[in-house]
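Asks: Protein chains in written order, with our numbering: chain F, 10 to 364; chain C, 10 to 364; chain H, 10 to 364.
These are calculated hints, taken from the structure and not from any lab test.
All figures in this text were calculated on a predicted structure; none of them were measured in a lab.
Treat the hints loosely; a few may be bogus.
[As the list claims (entries may be wrong)] Heads up, simulated DMTMM-like pairs for lysine to aspartate or glutamate below, C-alpha to C-alpha not over 25 Å straight-line:
#1 F:Lys208 with C:Asp103
#2 F:Lys328 with C:Asp338
#3 F:Lys328 with H:Glu339
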Amino acid sequence: MTETKGHVLSSLAARVGGRVSGDPTVVIHSLATLQTAGSGQLSFFANSRYLAQLKSSRAEAVLVNEAHLADVPGHAIVVADPYLAFARLSALFDWREPVVPGIAAGATVAPTAQIDPSARVEAGAVIGEDVRIGAQVCIGANVVVGARCEIGEGCRLEANVTLYPDVTLGKRVLVHSGAVLGADGFGFAHDGGSGEWVKICQLGGVVIEDDVEIGAGTTVDRGALEPTRIERGVKLDNQIQVAHNVRIGAHSAIAGCTAIAGSTKIGRHCTIAGMSGITGHLEIADGTHITAMSLVSRSISRPGAYSSGTGLEPHQQWKRNVVRFRQLDELARRVRKLEQTLEHISTEGQDDDGC
Amino acid sequence: MTETKGHVLSSLAARVGGRVSGDPTVVIHSLATLQTAGSGQLSFFANSRYLAQLKSSRAEAVLVNEAHLADVPGHAIVVADPYLAFARLSALFDWREPVVPGIAAGATVAPTAQIDPSARVEAGAVIGEDVRIGAQVCIGANVVVGARCEIGEGCRLEANVTLYPDVTLGKRVLVHSGAVLGADGFGFAHDGGSGEWVKICQLGGVVIEDDVEIGAGTTVDRGALEPTRIERGVKLDNQIQVAHNVRIGAHSAIAGCTAIAGSTKIGRHCTIAGMSGITGHLEIADGTHITAMSLVSRSISRPGAYSSGTGLEPHQQWKRNVVRFRQLDELARRVRKLEQTLEHISTEGQDDDGC
Amino acid sequence: MTETKGHVLSSLAARVGGRVSGDPTVVIHSLATLQTAGSGQLSFFANSRYLAQLKSSRAEAVLVNEAHLADVPGHAIVVADPYLAFARLSALFDWREPVVPGIAAGATVAPTAQIDPSARVEAGAVIGEDVRIGAQVCIGANVVVGARCEIGEGCRLEANVTLYPDVTLGKRVLVHSGAVLGADGFGFAHDGGSGEWVKICQLGGVVIEDDVEIGAGTTVDRGALEPTRIERGVKLDNQIQVAHNVRIGAHSAIAGCTAIAGSTKIGRHCTIAGMSGITGHLEIADGTHITAMSLVSRSISRPGAYSSGTGLEPHQQWKRNVVRFRQLDELARRVRKLEQTLEHISTEGQDDDGC
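Put together the whole structure using the sequences plus the hints.
Replies: This is the structure in structure tokens:
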């Protein structure tokens, strides 16, 4: 890992509005878990499951809430939300170096591209015509930026990212390696005569708003006529597929390998767990939560948690249950018939009561 | 977006065998939806759900069928299939520029590669030994083409595509960024003694026939001994996995994130919705349709629509149902037993009738 | 395909500890299936389903076990495990060329990187500061290797692979195109006040042990604080997602498009079929087998085969069953009630017996 210059505990506390308990002058060089942290390391306590680890931790200091301060063996920063404070402080210890302005030898920049002098373009990157790149942007090695893209201040495109023409990124967007923004949406008209598919050229671009993060290998297709849009603060994990004309509302977070089909609108502040599939032309309400590997095939108008699928079971047992699932409608009819028969018997019995 | 020179309405109508209603000399500069289209823009009407939008559209002209011509406020092109006509015309407005022949500075081309003088190789592309590249081909920035690949006339490889050695593309194949064609199939023999996996080198290549489109991040593995093959006119969306020895029949269309395991043969004119999984060594009949997120684990001999999975429901309700699914075989046995008991009671009752 | 110089049958037999039946001096130039093999080609027989193909094969020679030697029309190598022997011999016929040492023109290597003189770096590759690359390593075209990565002897990174900083590969690791190792894990703290996600910088790296293979487009995220780790001999197919802090035990094999969420520990010698999803913070026992497209949402302590999902069925039938699944808990309650009613009737009947 990279070496970081240290930070005194009091300055870390000040950054997160916390209070130091213990020696405010101790120096923190790196972050670690409660179990592994030692001298010069800061950890955090955010889950009562790990109380034993807190009590025996050798961390130089721990981020902790007031209630558990007494359990900290060493120094501490007391905050209301230790996990959130840990997140904020983590940026100080990141492996990413500050942006070194300049265009590396071995990069290819079109003559009409406008690149802010404070931006960095690494070796092997290829920047197209009429591209605009803002201040403090870092374009990684072998990245390709298509014509007319606009990349806002503080964006970072990691190595081997691809932007097709007409992709706009807001400020501080982080795009991970292998991500592809702006490829053609999957649009074809079927020619009933020949049985062939006729391509519908995809003329919209992609708009990514401020503070979005896009994971490795994630694909966001360009819109058919208007841009596909990802609103500010959205976090997309790896290998997500976002089809054309989709809109993802602000501050929604989507875990890896989820796919969202064309023209669907996801609300704001949604969370979608990994490997879920969302079919096309749906509307998902703000504040909806989808559990892992669910299929969403209808719009959701009421926020809440939703799921589909079945649970894991031993394979032999599962095989028997799967057979029964295929007969489930029939089984339900048989139960209904049993109920009717029993109803009849019981009614007959009541008639008999009169005897 | 790019500016396009306009097309007069009559020339657009002629291209799709349509008839102009209104002024044939109006000039169309771009395409748009019924809702957003304005002056100089062409739209289409193909779904009666949008009739209100058609009636209030401010589009310069609309592609429409005879039945709805009267509902068009402005000019129109009357065709039998407006959506298909729209697809055909969309190519005139594409953002892709005509191919500018030549090999960009910063591309690396092996001395034995044969590149047609009308082809384009962008900066950062690396072309291997004995590669053959046909007329009007466009090789995007940072694309890698392995040794002995053959790329037919009019193909387009978008930025950051990877072709391993021994991949053959027919004519007019479009491969999107991040796609990988020809990586090793997943083949290993298990060494029972050591518990280790021994690699089976994958010696087949990949053959992609004419007019195929391959989405961003899609992977098509090379065959073990003979090539993996994708027949003409097939359309593959993003992040699809095609394993070794698979064959996909002509004009089938497969949506994003679907995976097809080794040696499976998909028929012609199939449609497979997104995130479906198809296990290995199957045969899927021509004209089969698979709905989203289905698991296909047996061959399909009769065309038709097939599905698996369960529907979405509120998480708490789903949790109860999932528990019941694990007991489904037992439940079915209990229903059978109830039926037998009732049968017995009812038979006893009939015996009693004789009293 | 590449031409290979031939190998006499006796030398092939010696490599796999087999016995030649027939002429030990015949020369084998390539490998093929029983059906397609001809003169100069070696095939194998490992599945009794293909007995008819064995008997009619025109292969120059076949790898076969003792029991089926009499069924081989031509020459043979007799071994205990023909499939395993075939795997071992396949390496002799691979399309990969021996590594040609040197750094290609058009590669970019940081001055502090240490590259073994027997290693190869292809055109367009970008090697970061303080990287160490071992003997006989091959770095493909347009690969990016981040700062401080260590790449052990005999590794091969195919074209367009991305390694973030702080990724360590053992010996003989094969990484396929489009794979991304070391991207940020998906870690954010939720700021309840603003509703925004605050990034937790991901400070751990990735450790890949010896003899691992990583498929095309697969992503392995860096750990939050300590490295994500893949133990020796693991085989990962294409488009797999391995989240931060995951550990995959030695010699496990995972098929395409499977996703493993954060902090889960997979045991050794597991097999996980394609498109499975494994949620976070689980422990999966050594020797566990998961069938295709299963959701694993609890830890597994007993080895065995596990499954989830439902089987494929015609779409109309499936729609009815899916409705019933939503009512499954209610159905089970109705069956319980029927049982109680019948119990009651039958008990009444017994009371009546006394009459």
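Asks: Hint by hint, which ones does this structure get wrong, listed from lowest number up?
Replies: Violated hints: none at all, because every hint is consistent with the structure.
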